[in-house]
Amino acid sequence: VRTLRAIVTLLLGAWALCLSPSLRGAPETYSADAVKAAFIYRFAGFVEWPDGALSAEHFTIAVLDDDELATQLEQLSRKGSIKKRPIQIHRLKSIRDLDDAQVLYLGPAHRGPLGALVANAAKRAVLIVTSEQSALDAGSMVNFMVVDQRVRFEISVDAAERSGLNVGSELLSVAIHVRGKRGAG
Amino acid sequence: MRSVWAALMGFWSEMMGKRATRKSVRSQLMRVVALTTGSALLVAGSAMLWHDLLVYRLTWSSDLATQAGILSLATAPALAFDDHDMAQRNLDALQSRPRIQAAALYLPNGTLFAQFVRPGFEAPPATPSSRLDVPQISGERVELTQRIVRNGDWLGTIYLRARYDVSNRVITYLSVFTVVTGVSMLAALILSTALQRVITAPLEAMTRVARRIVHERDYSLRVPTSSEDEIGLVVSAFNNMLDEVHSRTQALEHANARLESSMSAAEIGSWVWDLREDVVTVDRNLAALYGIEDETALNADAAQRRQLIHPEDLNVASHTHDDTRRTGVLPSTQFRIVRPDGSERWVIRRGKVHFDADGTPILLAGLLIDVTAQKLAEEALREADRRKDEFLATLAHELRNPLAPIRNAARLLESPAADERQKQWARDVISRQVQRMALLLDDLLDVSRITSGRLHLRKEPVELLTLVTSAVETARPLIDAKHHQLEIVLPPEPIELQVDPLRLSQALSNLLTNAAKYTDPAGRIMLAATLDAQDLTLSVRDSGIGLSALAISRVFEMFSQVDSAVDRTEGGLGIGLALVKGLVILHGGSVGAASDGPGRGSTFTISLPRANVLAMRSQTLPVPSTDKLSADPRCRVLVADDNVDAGQTMALILKMSGYEVDLASSGREALEIARSRHPHALILDIGMPQMNGYELARHIRKETWGRKALLIAVTGWGQPDDKERARSAGFDQHLTKPVDLAQIERMLASFAAGGGTQVSRDEAVPGA
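Respectively, the protein sequence lines represent chains C and H.
No gaps in the numbering here: position 126 of the first sequence is 126 in my numbering, and each next residue is one more.
Just add 1000 to wherever you are in the second sequence, counting from 1, and you've got my numbering.
Read the hints as simulated data drawn from the structure, not as lab findings.
One or more hints might be untrue.
Claimed, not checked - Chain H stretches covered by chain C per the calculated footprint, using a threshold of three residues with CB under 8 Å from any CB of chain C:
no., region
1, 1127-1134
2, 1150-1164
3, 1230-1241
Note that CB positions come from ideal geometry on N, CA and C, so glycine has one too.
Could you put together the complete structure from these sequences and hints?
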């Protein structure tokens, strides 16, 4: 048993070593967009979508008005999957292009009021991530902000629940501000 | 509890090897119990310790892995979203886990993200170890490094270090094990002490009995039986064995006691001589032969054994060790033992040599047999034989002595030159010498009868004076011949005795004759009778040659004569005094001899018990006359004897006495003569041819004339049976050869005087 375990451990170690160079290739300090892309990518792991929302073959992340972030996301999408589905990045020209996506990132460069965009998107079960002041008031679900030069985020549980999404408590625990029934508001 | 303690101590000593010798079954059982229990506990304890350590390790590993997993889950969001504070808070929660010494979170690129260090412990490494997922145990700590992966996304690495308290655990375990082992052993010993009694109690009982038997030799002891298992069987077998030993020992002791008492009765002692050790062992009987109480003294002391052997026999007795070794034979020997009290014993030693396998003599064993009685008898026989030889010589001499004068006298009678006076002298000589020979032969026959127990007394009342007179008359010729002066002193009152007058008178006359013989001429002889409360004592005292002390002790023995007196006496066979003694003893009395020494005279006494004295009468009976009876010429006598000389002699003498005598030499001839002559008296020999005396008597008694005739039987046999036979054949008198003619003459005279056959059969016939 021990020998077997030793062999398994050895194999696992070897596998890990094979994987590690691609991961270590990441730069020492990340750009805010890279961090945000990573965060968006990781949010999916802590949020549950209603059953019907994940019927498509792909896990789609839609990006509106932020090419840089989209680029970062595309880079990340190549290396893995979310919810056992390959990742698709949709660069949206307009909110109307929003089709079957599970995550929607609304870049700060959008035209028109955020509330309208959110209202349009919130009809679907899609996690709305923003990166501007008072976005939660406009109905955003997760909103990035920079605190002490570090990328942090705030979450509106209410908004997410209204769209049928369930934000995991783990995610809530690392949010700097949670609005809704489980947060301070 | 004391026995448990004793058992423990015994066990301890056993283990320490202090009791190398004689282990009791109990302690051996204890040892077995202790060793088996101890071994079992040790094996079980070791296995359990090993198992416990394994489980402990596994538990710890999985526990650490669980903690790592929980922490991974908890810290995954903080890592995922780069939240230092959160991560730190998560790690700080480990404060409540005292075993965790340090913890750390690393980013996938290896940089330390957050850490937790318990005060006093080493900080976690700056970069994570590459050894993942497997707890690393080094000394007192265990480390685990794990990756934190969430949704396939490697978020970072967690490191945990905890105290791995295995030595403490082992110490605790060992102390628990020691206590448990101690208690278990104690329990096992207590239990086995209690349980093994079933086994050891009978064994110990057996051992106690066996020891007592060895010490006390009491084979009647038995071990109590309780169980019916193997031990019970052993105990009962032991008891059966004791029964057997007991009965055999008893049988052996009885046999030994019987043998010893038989040997003691037979005066036989046994001895064993171990040649290799040169040790002699004798038994009690042999010691008794030596006259010594304690046989061990004899066993120990060879010098004493030699000392007790008669000096003259030492050469014979000391058959040496070397001789026996060389020859292998121990000859049977006779020797004398001188006991400590001085008495001598004759013994025969017989033994047998025992050899070992090589033929070397190793043992002598045998008997010592007391043959003193046989030796004495042998010596007595030799002495008797010697005396008989002497006697025969004496007898021949005594018988030959009278022959010379008789032959001379006969020649003188034949000589025509002899005148009547000379012829008368010759006749006197012949008569005297024949008388002397007859006396001699009578004595001899009487002694022979006494010796062979064939002499029977015919007791009748008789006056003492009659006896004395008769005895004196017999001895008178010799007394007168030597001119001795005889003095007779009797009690004044008459004394009547119940004795055989013939025999007692014979004894008394013998004493008188003896005194006359051994006293020089013109000596003095005194015969005295005294009566006291017990005895009637008749003593004959002389002034003769006397007796030495040795002679006194032997004077009454057969064939003994006073040697120094032989030359100067009238000779004799030396049987006169023996005859006196025999006759007196037949009367229940005793004889004695006394002397003041040689040359100073001697005194012989006859003591008769008062039982022989009937009474003392006042009147005096007339002394029977010994005057010559005048023959009645009208009396016809027939003498029948096949010995013609004897018959002719008797017929001649009776004719000379005036009787009409007819002579026959056979029974038939006698009957014919008798039928024609009708004799008044018949003197018949019994042992005749053709018709013996008994038949002749019967025939004669059938005749009318014969019924009144006096029939006198003359035989060589004097037994009561013979006399009775003669009487029943019709004889009136029975005479034993040689016949005293004077006695026949008296009978005939008495018959003639009485005019019939009424002659008293108890007639006293004095003289011989």
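Hints, one by one, checked against the model:
Chain C is given as covering the region 1127-1134 of chain H, and this holds because 5 residues of the stretch bring a CB closer than 8 Å to a CB of that chain, at least three being needed. Three residues within the 8 Å Cβ limit are the bar, and the region 1150-1164 of chain H against chain C gives 5, so the coverage statement holds. Counting residues of the region 1230-1241 of chain H whose CB lies closer than 8 Å to any CB of chain C gives 0, so the stated coverage by that chain is violated, three being the minimum.
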